[in-house]
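K.L.:
Mind docking chain E on chain Y? Use the hints.
There are 2 protein chains.
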Amino acid sequence: MDSMEVIRGMSMKKVIVLGGDGFCGWPTSLHLSKIGWDVTIVDNLSRRKIDIDLECESLTPVRPIMERLSAWEANGGKRIDYHNFDIARDYDRLLALICELKPDAIVHFAEQRAAPYSMKNSRTKRYTVDNNLNATHNVLCAIVESGVDVHLAHLGTMGVYGYGTAGFKIPEGYLKVKMCGDHVELHENSNGNVEIEKEILYPPDPGSIYHMTKTQDALFFYYYNKNNGVRITDLHQGVVWGTNTDETNLDEKLINRFDYDGDYGTVLNRFLMQAAIGHPLTVHGAGGQTRAFIHIRDTVKCIELALENEPNRGDRVRIFNQMTETHTVKELAEKVSSMTGTEIMFMDNPRNEAEENELHVENSCFLDLGLKPTTLSDGLMEEVIEISKKYSSRCDESKILAKSKWR
Amino acid sequence: MDSMEVIRGMSMKKVIVLGGDGFCGWPTSLHLSKIGWDVTIVDNLSRRKIDIDLECESLTPVRPIMERLSAWEANGGKRIDYHNFDIARDYDRLLALICELKPDAIVHFAEQRAAPYSMKNSRTKRYTVDNNLNATHNVLCAIVESGVDVHLAHLGTMGVYGYGTAGFKIPEGYLKVKMCGDHVELHENSNGNVEIEKEILYPPDPGSIYHMTKTQDALFFYYYNKNNGVRITDLHQGVVWGTNTDETNLDEKLINRFDYDGDYGTVLNRFLMQAAIGHPLTVHGAGGQTRAFIHIRDTVKCIELALENEPNRGDRVRIFNQMTETHTVKELAEKVSSMTGTEIMFMDNPRNEAEENELHVENSCFLDLGLKPTTLSDGLMEEVIEISKKYSSRCDESKILAKSKWR
Numbered sequence: 001m002d003s004m005e006v007i008r009g010m011s012m013k014k015v016i017v018l019g020g021d022g023f024c025g026w027p028t029s030l031h032l033s034k035i036g037w038d039v040t041i042v043d044n045l046s047r048r049k050i051d052i053d054l055e056c057e058s059l060t061p062v063r064p065i066m067e068r069l070s071a072w073e074a075n076g077g078k079r080i081d082y083h084n085f086d087i088a089r090d091y092d093r094l095l096a097l098i099c100e101l102k103p104d105a106i107v108h109f110a111e112q113r114a115a116p117y118s119m120k121n122s123r124t125k126r127y128t129v130d131n132n133l134n135a136t137h138n139v140l141c142a143i144v145e146s147g148v149d150v151h152l153a154h155l156g157t158m159g160v161y162g163y164g165t166a167g168f169k170i171p172e173g174y175l176k177v178k179m180c181g182d183h184v185e186l187h188e189n190s191n192g193n194v195e196i197e198k199e200i201l202y203p204p205d206p207g208s209i210y211h212m213t214k215t216q217d218a219l220f221f222y223y224y225n226k227n228n229g230v231r232i233t234d235l236h237q238g239v240v241w242g243t244n245t246d247e248t249n250l251d252e253k254l255i256n257r258f259d260y261d262g263d264y265g266t267v268l269n270r271f272l273m274q275a276a277i278g279h280p281l282t283v284h285g286a287g288g289q290t291r292a293f294i295h296i297r298d299t300v301k302c303i304e305l306a307l308e309n310e311p312n313r314g315d316r317v318r319i320f321n322q323m324t325e326t327h328t329v330k331e332l333a334e335k336v337s338s339m340t341g342t343e344i345m346f347m348d349n350p351r352n353e354a355e356e357n358e359l360h361v362e363n364s365c366f367l368d369l370g371l372k373p374t375t376l377s378d379g380l381m382e383e384v385i386e387i388s389k390k391y392s393s394r395c396d397e398s399k400i401l402a403k404s405k406w407r
Numbered sequence: 001m002d003s004m005e006v007i008r009g010m011s012m013k014k015v016i017v018l019g020g021d022g023f024c025g026w027p028t029s030l031h032l033s034k035i036g037w038d039v040t041i042v043d044n045l046s047r048r049k050i051d052i053d054l055e056c057e058s059l060t061p062v063r064p065i066m067e068r069l070s071a072w073e074a075n076g077g078k079r080i081d082y083h084n085f086d087i088a089r090d091y092d093r094l095l096a097l098i099c100e101l102k103p104d105a106i107v108h109f110a111e112q113r114a115a116p117y118s119m120k121n122s123r124t125k126r127y128t129v130d131n132n133l134n135a136t137h138n139v140l141c142a143i144v145e146s147g148v149d150v151h152l153a154h155l156g157t158m159g160v161y162g163y164g165t166a167g168f169k170i171p172e173g174y175l176k177v178k179m180c181g182d183h184v185e186l187h188e189n190s191n192g193n194v195e196i197e198k199e200i201l202y203p204p205d206p207g208s209i210y211h212m213t214k215t216q217d218a219l220f221f222y223y224y225n226k227n228n229g230v231r232i233t234d235l236h237q238g239v240v241w242g243t244n245t246d247e248t249n250l251d252e253k254l255i256n257r258f259d260y261d262g263d264y265g266t267v268l269n270r271f272l273m274q275a276a277i278g279h280p281l282t283v284h285g286a287g288g289q290t291r292a293f294i295h296i297r298d299t300v301k302c303i304e305l306a307l308e309n310e311p312n313r314g315d316r317v318r319i320f321n322q323m324t325e326t327h328t329v330k331e332l333a334e335k336v337s338s339m340t341g342t343e344i345m346f347m348d349n350p351r352n353e354a355e356e357n358e359l360h361v362e363n364s365c366f367l368d369l370g371l372k373p374t375t376l377s378d379g380l381m382e383e384v385i386e387i388s389k390k391y392s393s394r395c396d397e398s399k400i401l402a403k404s405k406w407r
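Heads up: the protein sequence lines correspond to chains Y and E, in order.
Residue numbering for the first sequence is 1 to 407, as defined by the working numbering.
Residue numbering for the second sequence is 1 to 407, as defined by the working numbering.
Note that these hints are calculated values from the structure, not bench results.
Cβ coordinates follow ideal geometry from the N, Cα and C atoms, glycine included.
Check the hints yourself; a few may be wrong.
[Stated by the list, open to error] Here are a few chain Y residues that face chain E, going by a calculated C-beta distance under 8 Å: (1) Val129; (2) Glu145; (3) Pro203; (4) Gln216.
Next comes chain Y alone, as it looks inside the complex:
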């Protein structure tokens, strides 16, 4: 199905992108606009403001939101409306916007999304909890109060599963279990015990305050879906790498943000940037941690697929694993090292986690919907290195190391 078919089929469906100025939200907004959605962005620009407090900024020169949006129109894009307010605090504006627009879908990226930032200190812990939980709850509450039949797509994380099930393939959100316990009356076996088969939400095992809020989000979704029939897709995303998409590549004013600092930089992007400026690749611990990855181009494609294949009224919360491959941190470092000749530096792990873990992930939902994964071998690592080199004069090397201790 090409873009024009989508446009014809959808007759300008409306979507609100909450957090549409951020690293995933911005390219998603442009991509949805490109393929025919009428996009409205809500963003309180909190990510840019956190940069100010961290005395850090995107390696790429991100333009102010209105300049970005004008550039999108100047490059032939459809107009995208923008509202600056805090959905965790300004419920009435959120409700009014939903009532006015009657969107078909809301994409919810409006959470504090860095685990290391969430672990920096008491203030960032409390901000992450207060912001993320109230934001998610306000969206659900406003959808119900508005009476509009909105499909909510939420960006979650693979991290909700924890990393403890060696050799076991992580399913997409739900797990079949046999509950073992004392049965009172029926079906007793010879031990007086019984097993009942059930499908449950995968037992969560968060590793940071940030991940914890995502496991709590899952209970908001479970409840509002069960009690009010809200249609929800929760995307358990891997670690994102890459910077630009077809749309953000159109004009430098559309460039996506690129975080390289110890709080917000994701591991592969940090390695590629370190290689570009000749800084040793900093591996936490022995690097035996296995993580799931996805390229930013696949992130935007997955959101497109999730919106075009919305759940029906009455369906339970739909959970997709939004990742395309898994690697150990050490493997990634070795790959970047062999591409670039940069040395690897092993450091004490600031995180409270197992030294190594296996990770096998089911991701057939998106593959069945037609996702063609953009994997590490596709030359996109070179593109990230080029971006890093191009903007290396903007790099503050003192911000590279992760300083947030998780214990």
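P.N.:
Positioned in the frame of chain Y, the structure of chain E alone reads:
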């Protein structure tokens, strides 16, 4: 073990009771003070303020907090300190208090605790989420930041389990399961599938916004226990009935609150009050809902037992079911009706729940610690009816019916 032994053994251990002015918090504070704890109450009096908005008040004439506390001293009780601030908002005062007092334990009752109130409207939903989640997180965050090795005892609810496991005995917090799925490498059986045995937090199934916040609290506890070693006891309490305890009976100025309204009144107390004033007993639906119950005297005893048998450093979150018996709503109504001759009125159920359910609950933890349950047959129902009759002139009959629709 009598009270004097406890005092000798404990040498005035210190406890902060968060929400110590409420229905459970007040008698608990007096009881802990009586048996030798040095008690400090923190309460922002939110429960009294909600009554003002609901244009409703306790059937019993509850005195202002300082008058209550003076009466406790006048009746021979030890001095109880009191602080009026909001733990969900005023983190710095909470942290300072913990750092200053270095309490051995904190009992956390400081949450909005009525399911019907949490379902009244968008505002009460959002208040319940914002208050309960930030309150619980602030307590945990402050314990960690203070560096004090505090045992946190939290009042939760049986409602986190949901009511869906017919015939299955609900365990105390944790459930043994066999996880069924695709195993990647090891232990494959003939189908290529595998089962891994694990003990998990009982899969939550909240029935209201209030209950949802308690399931989210469980994830706060899980995380802070795992990452920071915070010692936590979570008490999954049944529906409380009764009014007074030995301590609140000492003086009318010490009387406990008694809620009879559709939002805050619990079912058995509402029936007993309805009987006392000759109002039909209002049963929601056919009354087939089975619930777990506990008398307020056993609530305070359970908190005593939980504090005196604290978990060790390194123990996982300890979860006790704090209930002593189960009954269907219809059984309760019939019991009260036969005691008093009051008729039963069946009404449409405003809640979104199964018409009937079985409920079998494991509660051996408290029984093993020495709890002697105060059950329905002990004549305490008569006591509640006497209280209801004595203060019947304070009853506003227009507040009796539950008006909060859950869909």
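K.L.:
If a hint holds in the structure, say so; if it does not, say that too.
P.N.:
Taking the hints in turn, this is what the structure says about them:
For Val129 (chain Y), the interface hint holds, the least distance from its beta-carbon to any beta-carbon of chain E being 5 Å, beneath 8 Å. Among the interface hints, the one on Glu145 (chain Y) holds; its C-beta lies about 5 Å from the nearest C-beta in chain E, closer than the 8 Å criterion. For Pro203 (chain Y), the interface hint holds, since its Cβ comes within 8 Å of a Cβ in chain E; the closest pair sits about 4 Å apart. With a cut of 8 Å, the hint placing Gln216 (chain Y) at the interface with chain E holds, because the nearest CB-to-CB distance is about 4 Å.
Checked against the numbered hints above, the structure violates none of them.
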